[in-house]
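*Asks:* Modelling step: build the complete structure from the supplied sequences, incorporating the hints.
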Amino acid sequence: MSKYIQAIRGMHDILPERIAIWHRIEEAAREVLAGYGYSEIRTPLVEVTELFKRSIGEVTDIVEKEMYSFADRHGDSLSLRPEGTASCVRAAIEHGLLVQPQRLWYQGPMFRYERPQRGRYRQFHQIGVEAFGLAGPDIDVEVILLTARLWRRLGLDSFRLEINTLGDSAERQVYRERLVDYLQARADRLDADSQRRLSTNPLRILDSKHPETQRLLVDAPSLMDVLGEETRAHFERLRAGLDAAGIDYQINPRLVRGLDYYNRTVFEWITEDLGAQGTVCAGGRYDGLVEQLGGRPTPAVGFAMGLERLVEILEQSGFAPERRLDAYLVAVGERAEAAAPALAERLRDALPRLRLQSNCGGGSFKSQFKKADKSGARFALILGDEELERGVIGVKDLRGESGQRELRHEDVAAFLTEML
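Quick note: the sequence shown uses the UniProt record's numbering, first residue 1, plus one each step.
The hints are simulated quantities; they were obtained by calculation from the structure and are not laboratory data. Model, not experiment: these values are computed from the prediction. Any given hint could turn out to be false.
Stated by the list, open to error - Simulated pairs of lysine to aspartate or glutamate, DMTMM-like, Cα-Cα distance not exceeding 25 Å:
no., residue 1, residue 2
1, K371, E334
2, K374, D326
3, K53, E177
4, K396, E386
5, K53, E66
6, K371, E386
7, K371, E387
8, K366, E315
9, K65, E114
10, K3, E31
11, K366, E401
12, K209, D273
13, K366, D349
14, K396, D411
15, K374, E387
16, K53, D72
17, K209, E229
18, K396, E345
19, K209, D219
20, K396, D385
21, K374, E337
22, K396, E418
23, K396, E322
24, K371, D326
25, K209, E66
26, K366, E389
27, K53, D219
28, K374, E406
29, K370, E312
30, K53, D168
31, K374, E334
32, K53, E291
33, K374, E322
*Replies:* Structure follows, in structure tokens:
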């Protein structure tokens, strides 16, 4: 017997019994996004590696350690996408979408070679939003309000919002120098990862979870001290917009995000229900990225949310998927079995949203009835040779709410419409 093949570590199948909760999130997101006028875009899973090096940054953990990269037959370096923003920007530039403001969204799998753990996988799924061509804080407010509305639509109320501003590139450079001076004088007290970042990406040290490094950062220089008047005004208008909308938030001066392209507004929605991997949605402004990737200077803001983490939170909340089937058609007898497919099609024609499964493979009345009950359907539709001769069909409520009856074929659709 051949050895069976398993899925790659950190990459998981989504089985039928869990798919309903994925559909719930995806459908809610699609409805909310449509309500704000966002259009869906779909991009390839594979891009040239240079796209991510130029956008994410060559000295980030993602590019240095986590990307799935390979050379194709022509020797070109390609990568599975580790995040969605760079691909969306590339597509918008390539297809000339940025001649006017755009509100776009996407969903799909991303890939990073990380150590698999709860809430973090090597293939993971995101829904992302990108808004281009709008420079004011009003669009920053909008994308945050959009996420808050989605949480309400899903019945999730355990998230907290953290916000910060990273300033513009010149302000960050001044702050970077001050932070490096402060930390270099105390480098022997930094954890190994922060020591490495000190010369490559020092702002990421602010996000360190190492206890001793966190204690050092208490007295570190503050980015707020180097922000100019324009950046401060942008942040204050963001806060005023959130206040006016009744959105609670915390200002976290250590919130920096892990990608090099962010500037000004950054934010995260965080939960305590997932342990260490508590960020369920994060984003911010990236006003320089379009130009960095070859387009005209274009302000932009966006976010991405992790679907696996949202699925786990909904499962913890006791989410109960709706019934998978409305009816199961039992057909016993040679003539009944022959007539059953046409009857099922007529019902589907009359009720386009009807979820009806027909028994296939024959079997006794008893065995088919067991299948009907196990399917979770509300009703069993029973067709035997005798019922076919009389032009009726038996209808039994498998959940015990309305008993059993016989109906003429032409009356079944009306009955199901009323009951469902």
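*Asks:* With reference to the structure, classify each hint as holding or not holding.
*Replies:* Consistency of the hints with the structure:
1. K371 - E334: holds (19 Å)
2. K374 - D326: holds (13 Å)
3. K53 - E177: holds (24 Å)
4. K396 - E386: Holds, at roughly 17 Å.
5. K53 - E66: holds (12 Å)
6. K371 - E386: At roughly 21 Å apart (the allowed maximum being 25 Å), E386 and K371 satisfy the hint.
7. K371 - E387: holds (20 Å)
8. K366 - E315: Given that 25 Å is the threshold and the Cα spacing comes to 35 Å, the pair is violated.
9. K65 - E114: Since the Cα atoms of K65 and E114 sit roughly 8 Å apart, the hinted pair holds (cutoff 25 Å).
10. K3 - E31: This hinted pair is violated, its Cα atoms lying about 44 Å apart.
11. K366 - E401: holds (21 Å)
12. K209 - D273: holds (18 Å)
13. K366 - D349: violated (29 Å)
14. K396 - D411: With a Cα-Cα distance of about 15 Å, the restraint between K396 and D411 holds, given a limit of 25 Å.
15. K374 - E387: Within the cut-off at roughly 24 Å; holds.
16. K53 - D72: Given that 25 Å is the threshold and the Cα spacing comes to 18 Å, the pair holds.
17. K209 - E229: Violated. K209 to E229 sits at ~31 Å, over the 25 Å cutoff.
18. K396 - E345: holds (20 Å)
19. K209 - D219: holds (16 Å)
20. K396 - D385: Since the Cα atoms of K396 and D385 sit roughly 17 Å apart, the hinted pair holds (cutoff 25 Å).
21. K374 - E337: Measuring from Cα to Cα gives roughly 20 Å; hence the hint holds.
22. K396 - E418: holds (15 Å)
23. K396 - E322: Measuring from Cα to Cα gives roughly 20 Å; hence the hint holds.
24. K371 - D326: holds (14 Å)
25. K209 - E66: holds (20 Å)
26. K366 - E389: Roughly 21 Å between the alpha carbons, so the hint for K366 and E389 holds.
27. K53 - D219: violated (33 Å)
28. K374 - E406: Distance of about 22 Å is within 25 Å: holds.
29. K370 - E312: violated (32 Å)
30. K53 - D168: This hinted pair holds, its Cα atoms lying about 21 Å apart.
31. K374 - E334: holds (24 Å)
32. K53 - E291: Holds, because 15 Å separates the two Cα atoms, which is no more than 25 Å.
33. K374 - E322: Cα-Cα ~15 Å, so holds.
Checked against the numbered hints given earlier, this structure breaks hints 8, 10, 13, 17, 27, 29; the rest are met.
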